[in-house]
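J.: Okay, here's what each chain looks like letter by letter:
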Amino acid sequence: MSRATRGWIILGWIGFAILPWYGFESAATPALGDYLFGGSGLMLGLKGAWWLLPILVPLLMTLRPAAARATGAHSQWLVGAGILGLALIVLQGFTIGLNGWTSEVLRGLFGSPGPRQAGMGYGAALTATALLILLCHGLAARGWCRGDAFVTSSIGIVIALIAVFVFFPVSTILASAFGDDRGAFAPAQFMVKFLDRSVWGLDCLVGDLRCGVAWNTLFLGILVAFGTTALGLAFALIATRTSFRYKKLLRIMSVLPIITPPFVIGLALILLFGRSGSASALLYDWFGVPRSRWIYGLPGVFIAQLLAFTPIAFLVLIGVVQGISPSLEEASQTLRAKSWTTFVLVTLPLMRPGLANAFLLGFVESLADFGNPLVLGGNFEVLSTKIFFAVVGAQQDQGRAAVLSIILLAFTLGAFWLQHAWLGKKVYTTVTGKGDSGIPLPLPRRVALASYLTAIPWALFTVLIYAIILIGGFVRSMGRDYTPTLEHYITAFRIERSDWGIYFSGSAWNSFFATVKVAALSAPLTAAIGILTAYLLTRQRFQGQRLFEFGTLLSFAIPGTVVGVSYILAFNVPPIEITGTGFILVMCFVFRNMPVGVRSGIATLSQIDKSLDEASLTLGARSWTTMRRVVLPLLRPAIVASLVYSFVRAMTAVSAVIFLVTAEYNMATAYIVGRVEAGEFGLAIAYSTVLIVVMLIAITMIQLVVGERRLGRRSAHANAPALAVQALP
Amino acid sequence: MKIKKNFIAATMLAGATTVLSFLSAGSAQAQGALVMYCGVQEEWCRAMTTAFERETGIKVSMTRKSSGEIYAQVKAEGANPRADIWWGGTGDPHMQAAEEGLTVEYTSPKNAELQDWAIRQWEQSKNRTIGIYSGALGFGYNTDLIKSKGVAEPKCWADLLNVKFKDEVQMADPNSSGTAYTLLATIVQLMGEEKGFEYLKALHKNVNQYTKSGAAPAKAMALGETTIGIAFMHDIVTMLVDKAPIKVVAPCEGTGYEIGSMSIIKGAKNMDSAKKFYDWALTPAAQKLGADAKSYQVPSNKATPVPPEAPKLSEIKLINFDFAKYGSSDERKRLLSKWDNEVKNLPK
Numbered sequence: 109m110s111r112a113t114r115g116w117i118i119l120g121w122i123g124f125a126i127l128p129w130y131g132f133e134s135a136a137t138p139a140l141g142d143y144l145f146g147g148s149g150l151m152l153g154l155k156g157a158w159w160l161l162p163i164l165v166p167l168l169m170t171l172r173p174a175a176a177r178a179t180g181a182h183s184q185w186l187v188g189a190g191i192l193g194l195a196l197i198v199l200q201g202f203t204i205g206l207n208g209w210t211s212e213v214l215r216g217l218f219g220s221p222g223p224r225q226a227g228m229g230y231g232a233a234l235t236a237t238a239l240l241i242l243l244c245h246g247l248a249a250r251g252w253c254r255g256d257a258f259v260t261s262s263i264g265i266v267i268a269l270i271a272v273f274v275f276f277p278v279s280t281i282l283a284s285a286f287g288d289d290r291g292a293f294a295p296a297q298f299m300v301k302f303l304d305r306s307v308w309g310l311d312c313l314v315g316d317l318r319c320g321v322a323w324n325t326l327f328l329g330i331l332v333a334f335g336t337t338a339l340g341l342a343f344a345l346i347a348t349r350t351s352f353r354y355k356k357l358l359r360i361m362s363v364l365p366i367i368t369p370p371f372v373i374g375l376a377l378i379l380l381f382g383r384s385g386s387a388s389a390l391l392y393d394w395f396g397v398p399r400s401r402w403i404y405g406l407p408g409v410f411i412a413q414l415l416a417f418t419p420i421a422f423l424v425l426i427g428v429v430q431g432i433s434p435s436l437e438e439a440s441q442t443l444r445a446k447s448w449t450t451f452v453l454v455t456l457p458l459m460r461p462g463l464a465n466a467f468l469l470g471f472v473e474s475l476a477d478f479g480n481p482l483v484l485g486g487n488f489e490v491l492s493t494k495i496f497f498a499v500v501g502a503q504q505d506q507g508r509a510a511v512l513s514i515i516l517l518a519f520t521l522g523a524f525w526l527q528h529a530w531l532g533k534k535v536y537t538t539v540t541g542k543g544d545s546g547i548p549l550p551l552p553r554r555v556a557l558a559s560y561l562t563a564i565p566w567a568l569f570t571v572l573i574y575a576i577i578l579i580g581g582f583v584r585s586m587g588r589d590y591t592p593t594l595e596h597y598i599t600a601f602r603i604e605r606s607d608w609g610i611y612f613s614g615s616a617w618n619s620f621f622a623t624v625k626v627a628a629l630s631a632p633l634t635a636a637i638g639i640l641t642a643y644l645l646t647r648q649r650f651q652g653q654r655l656f657e658f659g660t661l662l663s664f665a666i667p668g669t670v671v672g673v674s675y676i677l678a679f680n681v682p683p684i685e686i687t688g689t690g691f692i693l694v695m696c697f698v699f700r701n702m703p704v705g706v707r708s709g710i711a712t713l714s715q716i717d718k719s720l721d722e723a724s725l726t727l728g729a730r731s732w733t734t735m736r737r738v739v740l741p742l743l744r745p746a747i748v749a750s751l752v753y754s755f756v757r758a759m760t761a762v763s764a765v766i767f768l769v770t771a772e773y774n775m776a777t778a779y780i781v782g783r784v785e786a787g788e789f790g791l792a793i794a795y796s797t798v799l800i801v802v803m804l805i806a807i808t809m810i811q812l813v814v815g816e817r818r819l820g821r822r823s824a825h826a827n828a829p830a831l832a833v834q835a836l837p
Numbered sequence: 080m081k082i083k084k085n086f087i088a089a090t091m092l093a094g095a096t097t098v099l100s101f102l103s104a105g106s107a108q109a110q111g112a113l114v115m116y117c118g119v120q121e122e123w124c125r126a127m128t129t130a131f132e133r134e135t136g137i138k139v140s141m142t143r144k145s146s147g148e149i150y151a152q153v154k155a156e157g158a159n160p161r162a163d164i165w166w167g168g169t170g171d172p173h174m175q176a177a178e179e180g181l182t183v184e185y186t187s188p189k190n191a192e193l194q195d196w197a198i199r200q201w202e203q204s205k206n207r208t209i210g211i212y213s214g215a216l217g218f219g220y221n222t223d224l225i226k227s228k229g230v231a232e233p234k235c236w237a238d239l240l241n242v243k244f245k246d247e248v249q250m251a252d253p254n255s256s257g258t259a260y261t262l263l264a265t266i267v268q269l270m271g272e273e274k275g276f277e278y279l280k281a282l283h284k285n286v287n288q289y290t291k292s293g294a295a296p297a298k299a300m301a302l303g304e305t306t307i308g309i310a311f312m313h314d315i316v317t318m319l320v321d322k323a324p325i326k327v328v329a330p331c332e333g334t335g336y337e338i339g340s341m342s343i344i345k346g347a348k349n350m351d352s353a354k355k356f357y358d359w360a361l362t363p364a365a366q367k368l369g370a371d372a373k374s375y376q377v378p379s380n381k382a383t384p385v386p387p388e389a390p391k392l393s394e395i396k397l398i399n400f401d402f403a404k405y406g407s408s409d410e411r412k413r414l415l416s417k418w419d420n421e422v423k424n425l426p427k
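If you're matching them up, the sequences are chains V and W in order.
The opening position of the first sequence corresponds to residue 109 in the numbering used here, with each subsequent residue numbered one higher.
The opening position of the second sequence corresponds to residue 80 in the numbering used here, with each subsequent residue numbered one higher.
Pulled out of the complex, with its shape left as it was, chain V reads as follows (with noise of 0.2 Å):
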C-alpha cells in the first residue's frame, strides 16, 4: 500500500466524520463545532438521516487493504469500497431532495414526502472524491495503465468532473427536446419542431426568400473557419520564419480581439461601415459610393467573426509552426527541392495537426458566437441567437432551443470527426532529442508575399477598428457629437475619498472586482485540466478514449445560452446546489473553456517525440514528474494559449453567464449588456477599454511567468552554437 493510497483513505473518513456534510445556507452564521463532527455525516447518520449509513461500509472496507504490509494487496477490496461508495453517494443523492422524496414511485411506495435533505458541503466532497481516487488506485494495483496510479487517478478526475460539470446538465436540458410545453414525453414534438421549414428549408437558392437557419450557420461557420485559418496562418508564419520589423506590434495587434468584450467589434464596425457610418460618409463624399445598409447580415457578421477569432487560430499556428524541425526541411533542400517544394511538400503537411485544430476552433466558434450576430445579423439568422431567443423571446419554447441546440451539436460534433479522418494515423513529431541545429527556412517569396498581402491589411483594418473603439469612450457621442468628455470613465470607475479611506462609488467598480476575481480563478484550472486531458489523450492509451475525447468537446459545442439554463437546471437542486455562489461561474467558465486548452495541448504534443518521455521514464522517473521535469517545459506555448484564452473568456463571455450572475457575482459583460440595450454605446465602449488594457496586463504577465519554449533551433541571425533539446524545469 503506497502512501498516498493510505493518505486517501484518511481524508475520505475525514469528509465523512469530521467535515460537515451538506452545505451551509448562506445566511447562516456556524461555529466551529458545526465544521468539526457536529454536522458531519456520521453524525447526522447517528442522528436520524439513516440515509448516509451505508456510507460507512466502502470506507470500512477501505481499511483491509490499509492493514495490509505488501504493496497492491488486496486491491479488489479498493475497487468494490469505489464503486459501492460512489453508488451510494449518488443514489441517496437523487433520491432525496429538498422536498422529499425526487420520484413519484418512491413518493407512492414510501409515503410521502419522506426524507428531506439539502446540498452536499465540504465533506461529502471530499468523501466522494476520496473514494475516487480510492478506485483509481485499485484499478491501477489491479494493473490497469500499466500500473501507474498517477494516469489512472488522472483519468478518473477528469472523468468525472466532466460527467458532474457537462453530461450531467447537458443532458437535463436535452431530454427538453423530447417534451411538450408541460413536461410530458413527447418524441412527435421533436420530430415537428427538427423538421420546420425555417431550419432547413432552402428557399434562398430558389428565390429571394429566406434559407433555413441551419444553412446559414453552416455556410458562415465555414467561411469563418477558413478565412481565420488562412489569415493565422500568415500571421504565424510572418511572426516566426520572416524577419519582419514589427513583428511583435504585429503580435499585439493579432491578439487584440480576443480580448475584446462582444458586442464592441460590432458597434465599431456599424459607427464605421453603417449607413452613417464614417467610413461610408467618406466612400459617400468621395466616390459618390452611395450608403447602404450592406453591413447587417452576412457580410457584417463575417468580417466582426473573422476579426474575433483569427488570433486564436494565430495563437494554435505559431506553436505548431515554431515546433516544425529544421532539419527535415534542410533534408529536402539538401535534396535539391526548391523553397516552394519543400514549403508544399514537407512545411505545409508537417502543420496539419495545426491547421485542422484552427480550422476545428475556428469553425466551432463562429457556431457558438453570439454577440455579432445579435449586433450585425440583421436578417441574417443564425442557430445561436435563435436558441437565446428560444429560451428567452415571446415564445419561450425551450423543447425548440434543446432541438436546436442538437442540431449545432450535431455539426460540431461532425467537423470533429471530418477533422480526425483528414489528419489519419500520419505522425506529425518533430519535437525529438536528438540534435537539431538547423536554421528554419526563410519563407519562400510567393509565400512571404502572399502572408504579407494578407496580414498587413488586415492588421491596418484592426488598428482601424480599434482606434474608433479608443475613441469612442472619450467623446459625448459616438457617430453623433464629437465632444470629448470623461464623463462614461467618471460614471463607470469613480473613486472618491471618504472620511474612512477610499470609496468606490463608480457604477461598474463591482462588476470589474467579481469579473476579475472569477477570471483569475478559473484561468489556472482551465489550464491545468486542459492539458491534463490533452497528456492524457495523446501519451495514454485506454479504452473509451474517443468517448472520453467527445466529452472533453461537448461543452464548447453547446450554445452558451443553453449551458447557462442547463447550469441553473441542474445546481440549483440538491445533491450539488451551487447556483448564486462564484464556485458556479467559475465551474462553468472551466468546463467552457477547457476544449481550447486540450485543443493547442494535443496539437503541441504531438509534435513532440514519445521518445523524450519514454527517455525520463527508462531514467526511473514516474510519469508525474516526467509531466513535470520534460512535458510540461517543452508544452509552454499550449499552456500560454489556454491560460490566456480561458482569462480572457472569463472576462468576455455573454450568454452563458446572463443566467448565472447575481447582485454578488455579477459580471462585467452582463453590465456591458445592459448598457449597451440602454443605448449609452459610450459607457459600454469606455468599460470595454478598460478590460482590453486590465486583460493586456494579465496576458503580459502570463507570458512573462509561463516563460517561452526553448528549442535550441537556431535562428539565421544569431550564430550561438548548436543546443540539444533542453528540457528546463
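No wet-lab data here; the hints were simulated from the structure.
Note that CB positions come from ideal geometry on N, CA and C, so glycine has one too.
Don't take each hint at face value.
[To be verified] Not everything, but these chain V residues come out facing chain W in the computed CB check (under 10 Å):
(1) T203
(2) G309
(3) R401
(4) T493
(5) F496
(6) T669
(7) S724
(8) A771
[Unchecked claim] These stretches of chain W come out as covered by chain V in the derived footprint (C-beta under 8 Å, 3 or more residues):
(9) 138–152
(10) 157–165
(11) 177–191
Since the structure of chain V is already known, use the hints to place chain W on it.
T.: Leaving out everything else, chain W in the frame of chain V:
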C-alpha cells in the same frame, strides 16, 4: 520528491480556499434581506435599490436582466427559488409566470391608489402581478433623413406603407421581442385579424430589418441607420433626451401599450421583505424615481407626478388592449406562427 509534495500541498490549499470562499451563495436569507430581479434599465434598478435600502434598512441584492431572461431564470429555478421579487419589465412574461403558478397572489393596501389599467392587470392575473408603469407603442423618425428624402412626416400606422419608405422602417421580431409582439397584437386588435395581417404583409415590404431586441429600432433611428423605427414611445423619448435628431409619433389610428409589472416569486425566502417592497414600490415616492433615471414611462399610482417628457397617455388614442387573451401562451403561439408563415417568409 519534496518539491512535489510542497507543490501538491500548495495546490490543495489553494483549491480549498477557493471552494470555501466561493461556496457561499450570494442570496442572503437573514431577516432584512431581499433578492430582486429587476427588468428595467440599470440606472432605474439601482435607484430603486438604494432608495428602498435607505427607507427600510433591508439589504437588497439586485440583478438586472431583460424580462424574458428573468422569466426563463425564474422558471428554471422553480424547484428552489432564489429570488423574492421580480420588479419591472413588460407584462407578458409576468402574466406567463402567473399562468404557470411561478408567482403568488398578493393584495396590497396601496391598490386603491392605482390607475385602472394597473388593477386590471392584477385582476386578469388572478392577483398575481400588478402594473407599476405603462408605456404606449408608437414610432419615431429621424428628422434629418426624412428631410433629405423629402417625404411628408408620417402620422399614422397607414403612412408607414408609403412606397417611399421601402427598406426604411425597422421593427423588432415578435418571436424574440415582447415589444414587437405587442405591435402584432395591437395591429390585430386595431384592424381585425385578417386586415391586420394584410397590413403587416404590406409593411414587410418596407421593413429593412427585424431586430432581435425591442428597443433596437429606436437606437438605430437615433444613429441614422434607419429612417423610421417602431418601438415603445418612452424608449424613443430616451433617445430624444439624449439629443438625437428624432421625433416621436403617437399613431393617429390608436395604439396598444405595455404594462410594466411586478410579481412576488412563489416560495420566496424573504416573503416579508418582498411584501414590504411591493407596497413601497406602489407609492408615489418610489415611482418618481423612474423619471430621474431617464425612464419616461407613465407610473401607475395616480398621485405620482407624470414626468413632463413622458408621452401623455391622455393625448394618445389607446386601444382597449385585451391582455388576458393576447397574453395567453396558446394565442401567442398561434399568432406568432401565423406571422412567421405568412409575413416573415414573404419575398420583398
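J.: Decide, hint by hint, whether the structure agrees.
T.: Now the hints, each set against the structure:
1. T203: Result: violated, 15 Å to nearest chain W Cβ.
2. G309: Holds, about 8 Å.
3. R401: holds, 6 Å
4. T493: Status holds, d = 6 Å.
5. F496: holds, 8 Å
6. T669: Interface hint status for T669 of chain V: holds (9 Å vs cutoff 10 Å).
7. S724: It is violated, given that the least Cβ distance between S724 of chain V and chain W is near 15 Å, above 10 Å.
8. A771: Status holds, d = 3 Å.
9. 138–152: holds (count 12)
10. 157–165: Answer holds; 3 residues pass the 8 Å Cβ test.
11. 177–191: violated (count 0)
The structure is inconsistent with the numbered hints 1, 7, 11, although it conforms to all the rest.
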